[in-house]
Amino acid sequence: MIAHLAAATGTTSTGEAVQFWVLAVIAVGGALGMLLMRKAVHSALCLAATMMALAVCYMAQGAVFLGVVQIVVYTGAIMMLFLFVVMLVGVTSEDSLKEQLKGQRFAAVLCGLGFGVLLIAGIANARLDHFTGLAEANAEGNVPGLARLIFTRYVWAFEVTGALLITAAIGAMVLTHREHVKAPRTQRELAAQRVRDNIQVPPLPAPGVYARHNAVNVPALLPDGTVAEDSVMATLRERGQVRDVSQAMLQRMAELENSTADWLGRPSSERPAVAGPRKSLEPVPNHENGEEDAQ
Amino acid sequence: MNSLIPLLVAAPLAGSALLLLGGRAFDRFGHWLATALAALSFGFGLALFWDMLGRDGEHRAVTEHLFSWVPVNAFQADVSFRLDQLSMTFVLLITGVGTLIHLYSVGYMAHDERRRRFFAYLNLFLAAMLLLVLADNYLLLYFGWEGVGLASYLLIGFWQHKPSAATAAKKAFIVNRVGDMGLSIAIMLMFAEFGSFAFTPVFDSAHEASEGKLTAIGLMLLLAACGKSAQVPLQSWLGDAMEGPTPVSALIHAATMVTAGVYLITRSAAIFNLAPDARTAVVVVGAVTLLFGAIVGCAKDDIKKALAGSTMSQIGYMVLAAGLGPIGYVFAIMHLVTHGFFKAGLFLGAGSVMHGMDDEVNMRHYGGLRKHMPWTFATFGLGYLAIIGFPGLSGFFSKDRIIEAAFAEGGTEGWILGLCALVGAAVTAFYMTRVMLLTFFGEKRWQPDAEGNLPHPHEAPRTMVIPMVLLAVGSVFAGALFDINDSFLKWLEPVTGHSEGNSPLSSWTVTGLTTVCMLAGLGLAYVMYGRSPVPVVPPVGSPLTRAARRDLLQDDFNHAVLVRPGSALTATLVFFDSRGLDGFVNGLAAVIGGLSGRLRRVQNGFVRSYALSMFGGTLVLVASTLLMRSV
Amino acid sequence: MNPVNYLYLSALLFTIGASGVLIRRNAIVLFMCVELMLNASNLALVTFSRMHGTLDGQIIAFFTMVVAAAEVVVGLAIIVSIFRTRHSASVDDSNLMKL
Amino acid sequence: MSVLLTTTCAVPAAGAVLTAALPAGATEARRRTTKTVALAVSAVTLALAAAVALRFDPHGARYQLTESYSWIRSFGITFSLGVDGIGAVLALLTAVLVPMVMLASWHDADPGPAAPDGTLDPGTFERRRRTQGFFALILAVEAMVIVSFYATDVFLFYVFFEAMLIPMYFLIGGFGDRAGGPESARQRSYAAVKFLLYNLLGGLVMLAAVIGLYVIAQDQGFGTFDLPTLTDAVAGGSLKLSGTAQNALFLGFFFAFAVKAPLWPLHTWLPNAMGEATAGTAVLITAVVDKVGTFAMLRFCLGLFPDASKTFAPAILVLSLIGIVYGALLAIGQKDIKRLVAYASISHFGFIIMGIFALTSQGQSGATLYMVNHGLSTAAWMLVAGFLISRRGSRLIADYGGVQKVAPVLAGTFLIGSLATLSLPGLAPFVSEFLVLVGTFTRYPAIGVIATVGIVLAALYALLLYQRTMTGPVKEGVRSMPDLKVRELAVVAPLVALTILLGVYPRPLTDLVNPSVDATLSQVHRTDPAPAHPVAATSGGEQK
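Residue numbers (the working numbering), protein chains in the order written: chain A, 2 to 296; chain B, 1068 to 1698; chain C, 64 to 162; chain D, 27 to 570.
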């Protein structure tokens, strides 16, 4: 076991030292990566790396059970939960670089530095040269040792944490569950409403029409070459994930039209002008009415 | 017999309470009840007088202790009465004249719808005045002192619907309060000095106190006397007080209350005797007021205000006499009593004239009334002769003695005082003759009222005439009665003490001089008002006349020196309170509010900002913990 | 090598996590930073456990993990429901707490 | 252990709860039930307070009828009550005034239009429990004030001293004078907040001092808040407070009491509060609640900090002197009847505080009597003024004139109130004012003499007010004013009768108060200055 490598004195084996320095670099690097990556997904992956490194550290220090739990539960379950949510919220969503709170970033860095210096100075000042080591405590194995403690001295806390977990699970369900206040409107009713209001009676344009790409996040182009925003599904629009149709492409479309018109000999008045994106329709009635209200 | 003493006060007090609380039930007979109670009190007084005469001079004073009023350790104020010759004199004067004036008021106020209340106030006045003169300590005296002030306030302002009456009442009370301040400071001084303010202990140990302290007490008592007796410089209220019904002017502002100052000084003889400086001040005040009142009396066209000036002047005589010390105390009181008769009579006469002339008070609108109001003319005339000191009438005896005593003061001082008194006698004769001539002689200068009707002067009803006659009898004979065998002197001497001064002039010389002065004044007045017709509209007159018409500018002076700066000060303070003190408080609140507003911006609602402050806080905590560890 | 270095590592990670909480605006990343801080403290606990030769530190670390799990579950649920109504995962958009 | 004191405190407290719980007053009959219950409770309280005063033996122990129940044991805090002459008299005053205030405010808390022009009461919204609330709050104030007068535990006193602010705040802010204009709701809430903040500030300073006192006392083995224990220890020298500590603690206590009393220059909340509140509430403020401040100066400042009291006495006397003259001058300058009364009260409080800190038996007896007499006379004056204001719907002096012609009884009682305010002999305030002046004069002649100016100024403001409102020609708007009703007479008559009775025969009060005052003075180690030439030492004289 690696734990046996840990001497009862103030130093560790060279092997552990080497291992530590490698893991430390990974852990710090992961942490910094999490801090600095603009995309949430990247941050999550960096954090996962850090956690793995830490798991190995645990094991190196004789906390085998914890190391395993760290990998299985933390990295395996909790981080995956994070990733799920990131996906739900939008994988590509990025933090804008512009800081809105005045002086926040500066103050944060200052506080962080100060805090780090303080902690490190504190540790350096403390007399921590003697390490007992876990050889004795782990004599019958790390897991039995932990189990003995958990089910004797800490049994009360253990039960309470169990209750906490259940509460948290129920809480999460309650928070994310949405009760329908009124019966959801059927498609028929929605259509009837649309006709009554006389807004967007025909079906919405499909994405990717007249486009080089037919991906869902690329809006369709109208016959005059302008962008039809409402051809992209509402969720993507909400997230701001509508991909721009580049100006060059619009230019190309116009040229194509023009050459077609030349070939057909149409008058210039019927030719499309190369214009900005068309104004999108005012309300979008058939997409998630409730959300419109919430805003 | 002594148990009658409290009843002297109780009878009118009960009358007052009954009439005030009884309500409408007393409307029909309340005035008779009040008069009866006043007469009852007079009866008690007579009984006590008879009883007193039965004892010899040294044992006439009696004390009647009722109950302990305010006992706080050394401070022992009792409700207890002391009836000696001085109090007795006052008791008889107050109840006697008071009863007559009650009787007069029955007729005078017959048509007033608030007559019941008027009689209640009159009874209240009698009670307070009796309390004043019967008190055996200064605090109880102060009780009566302010009590008469209250009654005077209520009666001057009896016709409250007239703003002038309400103002006059308030003015009288407030000016009196300034005097009362003097009395209360005097009591405090006595308590601090002697540990008591009852008459006997204070007078007994007065000689142990330093002269400075006694002078201070004396001056404070003088201030009190000035307020109550309308002496310079607190004289300004008396003229305005004539706004009250005429019986009130007769009783309170001529015969009794205004003389309380003289009583106070005479009562405190033991203190003044030991404080010559205070006495000098008293004399100066008396002499100045004597001339002041006389001059004012010469210029007034309002009959009551002319008489008020005269009252002021006559009280000036009394104060002068009292200030002379043992030479003059007795004569001050003697003049006080005779003055009580003739001045009350004069006022009642004036009231009768006004009654007949539809409440006209301007003498320039009278004239030739003697045929229309013979009784009034006769009684007023006798009073007139008495006040100018016509030989043989009461004023002659009492005033003569005062002038004599003034000369007897000796030295330059004596000459100055004597001459002042002589000049005063001449001026008195002048203005009284003027009043007499303008009112009863000459041609009719009656003015039509608003509807164009001329007044129909008529004689007053019997209830009014009888008191006038009785008072006239008093004015004629009282002086002689007192003077025969020096009976009044012997009567009062045990209380006030007496010493004969050595006058540089013989008694007959003074009498002669006085008579000459009186005749000169009378003659001058006859030349000015009796021989030529009197203009209805007053001529512009000399600056002195104009000033005298305005009470020698006393109100203007008060206005400029006290009222104007006072209201400015008040306005400034009101501003200071709302902007300064309260402004400071509100400013403090505004500053805190502003700071909070600033601080509120820290709570910007951004989680990260809160996290930053938490983190900063942790930082500080950790740093300070480490620092504390390492130190 | 002195095992104290684990503590230095823990301090460093904790500081990075804390700074992340202050700097990042995405609520999810914010949560990750919190997780990092918790992990850093867990490392310290494990190291202390080794230092003292008892397993209590590990037990605490274990409980910390449980609590962290509970926290993440509820926290993410909150983020999801906020995102549903406000269409944003940025903590700066939820500043309704101010007066 | 007799439970008389606890009962006296508990009855109004229980009454407050009961009154608040009565059914809402939608109808006149229900409201009348509420009012009758509250009045009955206050009458029972009066009987109990009178019983306390009667059972108090002036020649017995300092504190009598004592009760003590443990409350917060770890800090030595007890719920202990006891009564001395001063407390008994003031509690009795409170118990006398509360029924009067209730009767006088009989219709003040009725919901609905009450202004003479029929407009809705501005600023107070229609509430069905208004009447219940008003009367319950009055009873709550009564209970708290009585506990303050009976408390012999410093902490207990502090708690109730502060707690009474809460019902007062609602009384001021919630039930205004109907005479106010549209501005009045804003003014009223301003006044209420000002009252609360001002007094809270004072209370907080006092709390700091209370804690400081406990800490110092505990260090020396007196871990208690029991007043008799502490004062005895201070007087006996076993509890030593250093000069600085004593001065600081004294100022802490005194500040709170001076705000409440109020002493110049901490008075500015009073005119606002009294001006905006109903006449009944104004009486509660000035005649009941403020008395706790002056009472506490006597009992706590002097008893606990005798040396500091002597140190600061001259300065406090100067402040009170300023207060006397300043209050009177401002009263002269007021245009609003109720604010005038408030400033007059500030002047009177100057006299009370002056009497306390003159440290003579006359001064302190006078001050105690002054508290009672000022309570009675100002209550009469203010309540009649309230009746007047409710008839005309205006607080401005200029809106009145010639009232005596149309309402002579009202004018007459108002005059008596005015005369009592200017301390006319024969009315109760005179006795106390003169005692205060004499007591001050014997130790500080100059201050005594200047304070005497106050009696002239008092005459000026009282009579000016009377002249401007009651005399002269009858003003428009006053013409149809009805005279006092039976209910109103029932309020004023006992007050006037008491004022006259105590003016002529104050012995029942002085007998109760004097021994307690002597005990207080002996705690301060002060005796009356001896007269320069005491009468007893003289033998014979020139006067017979």
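It is worth saying that the hints were derived from the structure and are not from the lab.
Please note that a few of the clues may not be correct.
[Said to hold, decoys possible] Below 20 angstroms or equal to it, Euclidean Cα-Cα: the simulated EDC-like pairs (lysine to aspartate or glutamate) are:
hint: 1; chain 1: D; residue 1: K431; chain 2: B; residue 2: D1649
hint: 2; chain 1: B; residue 1: K1229; chain 2: D; residue 2: E502
hint: 3; chain 1: D; residue 1: K361; chain 2: B; residue 2: D1649
Okay, the hints, checked on the actual structure:
1. D:K431 - B:D1649: Given pair K431 of chain D, D1649 of chain B is violated - Cα atoms ~39 angstroms apart, limit 20 angstroms.
2. B:K1229 - D:E502: holds (16 angstroms)
3. D:K361 - B:D1649: Holds: K361 of chain D and D1649 of chain B sit about 18 angstroms apart, inside 20 angstroms.
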